[in-house]
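Number of protein chains: 4
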Amino acid sequence: MDFEKIKIKIKKLVEEELFSLEPWIINVGWEEKLPKLNELREKVKDMGLWLPQIPKEYGGLGLSLQQHGEVSEILGTSPYGHYIFNCQAPDAGNMEILIEFGTNEQKEKYLYPLLEGKTRSCFAMTEPNYAGSNPVKMGTIAKKEGENYIINGHKWFTSGFDGSSFVIVMLITKPEEDNQHKRASQIIIPTDTDGLEFVRNVQIMGHPGGGWESHSEIKFNNCKVSSSNVLGGDGEGFSIAQKRLGPGRIHHCMRWIGICERSFDLMCKRAVSREISHGKKLADKQTIQNWIAECRAEINAARLLVKDAAEKIDKNGSYKSRSEISIIKFYCANVLQKVVDYAIQVHGALGVTDDIILASYYRHERAARIYDGADEVHKSRLARSILKLYNS
Amino acid sequence: MDFEKIKIKIKKLVEEELFSLEPWIINVGWEEKLPKLNELREKVKDMGLWLPQIPKEYGGLGLSLQQHGEVSEILGTSPYGHYIFNCQAPDAGNMEILIEFGTNEQKEKYLYPLLEGKTRSCFAMTEPNYAGSNPVKMGTIAKKEGENYIINGHKWFTSGFDGSSFVIVMLITKPEEDNQHKRASQIIIPTDTDGLEFVRNVQIMGHPGGGWESHSEIKFNNCKVSSSNVLGGDGEGFSIAQKRLGPGRIHHCMRWIGICERSFDLMCKRAVSREISHGKKLADKQTIQNWIAECRAEINAARLLVKDAAEKIDKNGSYKSRSEISIIKFYCANVLQKVVDYAIQVHGALGVTDDIILASYYRHERAARIYDGADEVHKSRLARSILKLYNS
Amino acid sequence: MDFEKIKIKIKKLVEEELFSLEPWIINVGWEEKLPKLNELREKVKDMGLWLPQIPKEYGGLGLSLQQHGEVSEILGTSPYGHYIFNCQAPDAGNMEILIEFGTNEQKEKYLYPLLEGKTRSCFAMTEPNYAGSNPVKMGTIAKKEGENYIINGHKWFTSGFDGSSFVIVMLITKPEEDNQHKRASQIIIPTDTDGLEFVRNVQIMGHPGGGWESHSEIKFNNCKVSSSNVLGGDGEGFSIAQKRLGPGRIHHCMRWIGICERSFDLMCKRAVSREISHGKKLADKQTIQNWIAECRAEINAARLLVKDAAEKIDKNGSYKSRSEISIIKFYCANVLQKVVDYAIQVHGALGVTDDIILASYYRHERAARIYDGADEVHKSRLARSILKLYNS
Amino acid sequence: MDFEKIKIKIKKLVEEELFSLEPWIINVGWEEKLPKLNELREKVKDMGLWLPQIPKEYGGLGLSLQQHGEVSEILGTSPYGHYIFNCQAPDAGNMEILIEFGTNEQKEKYLYPLLEGKTRSCFAMTEPNYAGSNPVKMGTIAKKEGENYIINGHKWFTSGFDGSSFVIVMLITKPEEDNQHKRASQIIIPTDTDGLEFVRNVQIMGHPGGGWESHSEIKFNNCKVSSSNVLGGDGEGFSIAQKRLGPGRIHHCMRWIGICERSFDLMCKRAVSREISHGKKLADKQTIQNWIAECRAEINAARLLVKDAAEKIDKNGSYKSRSEISIIKFYCANVLQKVVDYAIQVHGALGVTDDIILASYYRHERAARIYDGADEVHKSRLARSILKLYNS
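Chains as they are written, first to last, in this note's numbering: chain W, 47 to 438; chain V, 47 to 438; chain D, 47 to 438; chain S, 47 to 438.
Just to be clear, a hint being listed does not mean it is correct.
When chains are identical, the list treats them as one kind, so a pair holds in a single copy or across two.
[What the hints assert, rightly or not] Keeping only pairs whose Cα atoms sit at most 27 Å apart, straight-line, the calculated BS3-like set for lysine-lysine is: (1) K315 <-> K57; (2) K89 <-> K58; (3) K366 <-> K289; (4) K189 <-> K55; (5) K265 <-> K327; (6) K164 <-> K57; (7) K153 <-> K353; (8) K384 <-> K89; (9) K82 <-> K366; (10) K265 <-> K164; (11) K331 <-> K361; (12) K228 <-> K327; (13) K366 <-> K51; (14) K384 <-> K331; (15) K102 <-> K153; (16) K331 <-> K265; (17) K265 <-> K361; (18) K434 <-> K361; (19) K289 <-> K434; (20) K183 <-> K53; (21) K366 <-> K53; (22) K53 <-> K353; (23) K361 <-> K53; (24) K327 <-> K153; (25) K327 <-> K89.
Note that these hints are calculated values from the structure, not bench results.
From just these sequences and the hints, can you work out the full model?
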């Protein structure tokens, strides 16, 4: 199937099958919507569109980073687009690193069921007691004891934990290492392991959380796992994270652009249909026109920046493209927030209701300026790397 | 009791009794929190602080507009501050117009129980099918039939409807009037009247609504009420609304400033306590300092503008102060959104959780830029009234 | 010579020969700097880089639109870059339309001396009495009398008029045409023609104007020219202007990006060199880092948008790319203003002096948001063309 | 004369005598406009309005800080308003400190001629080699030698130096002091003193500078002055500067608000008079209306903040009001820049010409965000003083 056809099929599926489920699907709990989502997953498999981002030898479509970026924009127009194609975060990132770094045993146990859609997984990084702006500082520690690790620590914002089969945990295994980027490892822990305590789903902006839509707080209380569960080598936690970062950012940003396009579309539809007086529509107001023009310009700019970053990652790798990656992180997150905000304003009172999808975007995408490094962290990082060139 | 003492007592009560209930009180349903709120209402009565905004002859403290503005700021630091003093919207506005325009019979039946806190009420103005930017256009119509009115129409965002005793409805009684500001009336309708259909509580930004915290959709299907339920005279709907507007705006804006101060306080506390690295706190980061400085400047500016508007209303009445009223509407709503947004950003991941109050402000105060006339409407109105002076 | 080499040579020339003349060259009058500029023009010719944007058969380098865009960015880093390569506005636009629409006689008399750099020319469009936002309304009118036109009217912002050989004037020749885009023509008028009155050079932001740096006010008082001076046909004024518009906008925007890059470079140099206290540099302040990061992101975005627009113009022509052209106009003008403003702020008091180039950019590029259609006009136009798709 | 009458007279004088001289007076050199300004100074004296800010015993009107603030707004509507009333910076500040700290001899020699308008003076603080953000660091040093000081150093932005009689210089006299705020003194130096070298008038945003409108670069080369020229005591430089600061900031900010009101007025006049098409005026465009509304709100807010700061200074002194003083510095400077920018945009091409006053405001008031402490310095200072309360 050629790529243009793939995109058309995916777009049609998302618009026909997912848009039509709104607002029901946004507003009900995970268990209630799951049967419908599973049904759509089967449909996606039947159409041969399953796992677009995954290499063909692992059963996916084998799309390139840039191609999957384009797909991610389309899927992003619905909150469940990625889910029904099994390329949702954090599973997509986990699949990627299991493919690259997993042992055969790890793949057997964790990767394949995930690829088939039989299980879900999660990734535990953020801790309540340490600032995310400085990821090398962590309180979760694994001590070697014979062939095992004994883990103690406290994580939250472990997205999708509730109901998942395993969690990949970022933690300190070599606290004595001089190079602080060599202290951490990633370890796979089945969620039913003794000593892994589920504290709660953290309620986010009014959403209680559940299933894939949970952001859980968890604790490790002398939790024991075999050292064969270490992913990619002891002390390799950050170097794996680095690899994961670049493509992940591209997918995320393209998903945000999908949200922007959806919001933009709703804004335009509202503008041409809402009468304000004497046959005048909202679309006739210059303020609305300004918003539409500014959003169009900035969404286009955001997409071009992401495409440019994807090209650079393809060519030079994530590490050498980290400035581009920082740029798209904060630029796109701000465009996202602006577009959603304007779209709500154009809808008036309807905009803040859960009758349409915008209020949900408004709440849940506020975190975009915070997670994976707050805007401020990325800006400082980018500026310092630019200024370094002037200092030499 | 002198006014400075009143303020100190109120502040102490709000901070000690209400802040300590967070986050529980923000996150549970209306029925669950009501007993606690009622208990606090009794306490307020016992302390002699009940109904601060109401004239003494009606059992209140008889504060002036400017004084109640200052109180409103303090109460606004908790979402339930106004409620426990029985000066919450929309009841406060209803009390005010019942006092000014109500007949003795209307006062007996509707006002007194409200003042005592035995009932709640609501106000139905917004309609799903008409733009709020043009309030003279409405689809809800009351036809005179003998001594009664037969009402048909469709309203939503009738805040607090769920569980209230009566609703004051803005509707068209004289469609034939040339002067479009003379076509509407306000009619009091008991909520158990036949033909008044409760459609649903509209879910707002993830909040299902309930009790005083509902924003209901309702329908009038040949709903019959006696013409003695008209408030202040047939065709007087807008002139009553006008009266209600000025003081209402002052209270609202001061409540927003209360929210700003609360958010500002949380932001500063977080800044000085959150370590980011090597003994450095968030407070040491210049970006955070910029936000704190800008918020301080703009909150101060907002408060001075509101005080200035209150003085003008006191001196010249609401109508002649409508430019000042428009200014504070849009200026304060934007400061509010900015301060809350910064405060969340300073809290990082914690900021989007419902563990603290900021996420709730973020969601529910987004509507501030929309209700009572969207920013854009107020700006145009203000500008046109300024430009008129240049045209003459 | 391959294109990468051309760019390197041009960059070296601009930086070595032009930067070193600052601030002298910015601050002296046109007559004083002209000998030096002419000397550099000879150098450019000797290096085989003359007329980069002009087809080879007319003696230029024959660069494509996108290539000349890249060159224009480099030249834009100095205010005299385009001038010494003879691709400065408005001459470059005039060359382009003379090549495409000029008769042999017109080329002989007007184009060739211009290409050789022996003459300068100008373009008269803007009128003091008509809003530029509505270009079809003009007061300058040419009446046919036998073989001649008799012209009356009033223009200003005729850039470069002072000292030029001819002016191409946009004026009404067919006021009776129903299609208002068919009423105007472009006529070539030698500047020494009787009845062409030079009123003054308009002083702009403290600059008195002179030579190529003039923005002149002129009047046509029964000014007579032969009808053989009409360019491209009677009534074709707008269709010629349309052609000129697309590539002109690309060059302009890329020139602005050159200014942005120059300002950005000065800002970074200042940040790493200016000590503020105890060994701390401006570069260590987070506010400065934020500005650098935001500027980098937005300059990159601007360049990508312009490249994208250039590709679309190449592929689909100016008319079909008018939305992209509107976007780059207002987006780039605002990035320009922001970057220059931040760069000045980083320089402190030095930034507002004419000891460095930034103050000159600040003053003279303020007009970028006004000329060729104010931001507001482009935004409305863009939005209306988007909304039209929703109305059909 | 009662204060309301004073204001009316001043307003009439400024509007009738100064506005009518524009644009001539903005665009000619200092020597050319001086006779006219002197003539108007005589008129002001004749009307009994001379020196509004100066105590009656020194020949002024004896206005309070708040009253002179109101006057300063009116005078600020013309660039020469303050000058013709002899309350222009930096002379007004010099008068103030000479009155408070001057010896009888100093008053005789320096103050009285200044009050009479026979001389001009200046104040030398800023140095090219030290960041203004950290005023305690200075390179200008006075060494005691017997009864004299020998001064060496380098200053610039010594406003009004060119043609003045004396300069008050901030310099280091006690480099060995532990308390860095006790190291500096202010010394009066007649401008014809040997060793005081006039280097040049720094050209600012296209303005060559001259007379009162100069910003000069000067050098002290073993310049000798008697120690009787020290003002207010050795080591008291900063404590005097502190005193001068509060009222100076009020006057400056009110002058800026005067500029805002003038620009706002021009914007509104343009909006109602400029036709854009078919009888539509600029005033009918919603974008223009938005700007007018936002400017009105923010100018009002700025004025209220300044009044509030003036009250606090009156009540608690400058030192205890330094947070309010920081707030008005950065808030007002930003409102100023925004209002002028919008006013220019509304004027289109005319706005960037020197035919009207806006372009001059645009250029010369850009420095408002830089001098007397850049915005960024005031924001950090304010935030740190707020956060200190949270740390204790």
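Hints and how they fare:
1. Taking the closest pair of Cα atoms, K315 and K57 come within 27 Å of each other only inside a single copy of the chain (19 Å); across copies the shortest separation is 47 Å, beyond that limit.
2. Taking CA atoms no more than 27 Å apart as the test, K89 paired with K58 passes inside one copy only; the shortest distance there is 13 Å, against 60 Å between copies.
3. Within a single copy, K366 and K289 get their C-alpha atoms as close as 11 Å, which meets the 27 Å cut-off; across copies the closest is 41 Å, which misses it.
4. For the homomeric pair K189 and K55, neither the shortest alpha-carbon distance inside one copy (50 Å) nor that between copies (54 Å) is at most 27 Å.
5. In this assembly of identical chains, the alpha carbons of K265 and K327 lie at most 27 Å apart only when taken from different copies (26 Å versus 55 Å within one copy).
6. When the C-alpha separation of K164 and K57 is checked against a cutoff of 27 Å, the pair qualifies only within one copy, where the shortest distance is 25 Å, while the shortest distance between copies is 55 Å.
7. Taking CA atoms no more than 27 Å apart as the test, K153 paired with K353 passes in neither setting, with 31 Å inside one copy and 44 Å between copies.
8. Taking the closest pair of Cα atoms, K384 and K89 never come within 27 Å of each other, the shortest separation being 35 Å inside a single copy and 44 Å across copies.
9. With identical chains, the CA atoms of K82 and K366 are never at most 27 Å apart, being 42 Å at best within one copy and 43 Å at best between copies.
10. Proximity of K265 and K164 under a CA criterion of 27 Å is satisfied intra-copy only: 25 Å inside one chain copy versus 47 Å between copies.
11. For the identical chains of this complex, K331 and K361 are neighbours neither inside a copy (45 Å) nor across copies (33 Å), given an alpha-carbon limit of 27 Å.
12. When the C-alpha separation of K228 and K327 is checked against a cutoff of 27 Å, the pair qualifies only between copies, where the shortest distance is 25 Å, while the shortest distance within a copy is 60 Å.
13. Proximity of K366 to K51 under the C-alpha cut-off of 27 Å is restricted to the inter-copy arrangement: shortest distance 25 Å between copies versus 33 Å within a copy.
14. Proximity of K384 to K331 under the C-alpha cut-off of 27 Å is found in both arrangements, the shortest distances being 19 Å within a copy and 23 Å between copies.
15. Taking the closest pair of Cα atoms, K102 and K153 come within 27 Å of each other only inside a single copy of the chain (16 Å); across copies the shortest separation is 62 Å, beyond that limit.
16. Taking the shortest Cα distances, K331 and K265 never come within 27 Å of each other, neither inside one copy (54 Å) nor across copies (31 Å).
17. Proximity of K265 to K361 under the C-alpha cut-off of 27 Å is found in neither arrangement, the shortest distances being 40 Å within a copy and 56 Å between copies.
18. Within a single copy, K434 and K361 get their C-alpha atoms as close as 23 Å, which meets the 27 Å cut-off; across copies the closest is 40 Å, which misses it.
19. Proximity of K289 to K434 under the C-alpha cut-off of 27 Å is restricted to the intra-copy arrangement: shortest distance 24 Å within a copy versus 42 Å between copies.
20. For the homomeric pair K183 and K53, neither the shortest alpha-carbon distance inside one copy (42 Å) nor that between copies (45 Å) is at most 27 Å.
21. For a Cα distance limit of 27 Å, the shortest separation of K366 from K53 across copies, 25 Å, qualifies, whereas the shortest one inside one copy, 30 Å, does not.
22. In this assembly of identical chains, K53 and K353 lie within 27 Å of each other by CA distance both inside one copy and across copies; the values are 16 Å within and 25 Å between.
23. With identical chains, the CA atoms of K361 and K53 are at most 27 Å apart both within one copy (24 Å) and between copies (23 Å).
24. In this assembly of identical chains, K327 and K153 lie within 27 Å of each other by CA distance neither inside one copy nor across copies; the values are 57 Å within and 42 Å between.
25. For the homomeric pair K327 and K89, neither the shortest alpha-carbon distance inside one copy (40 Å) nor that between copies (51 Å) is at most 27 Å.
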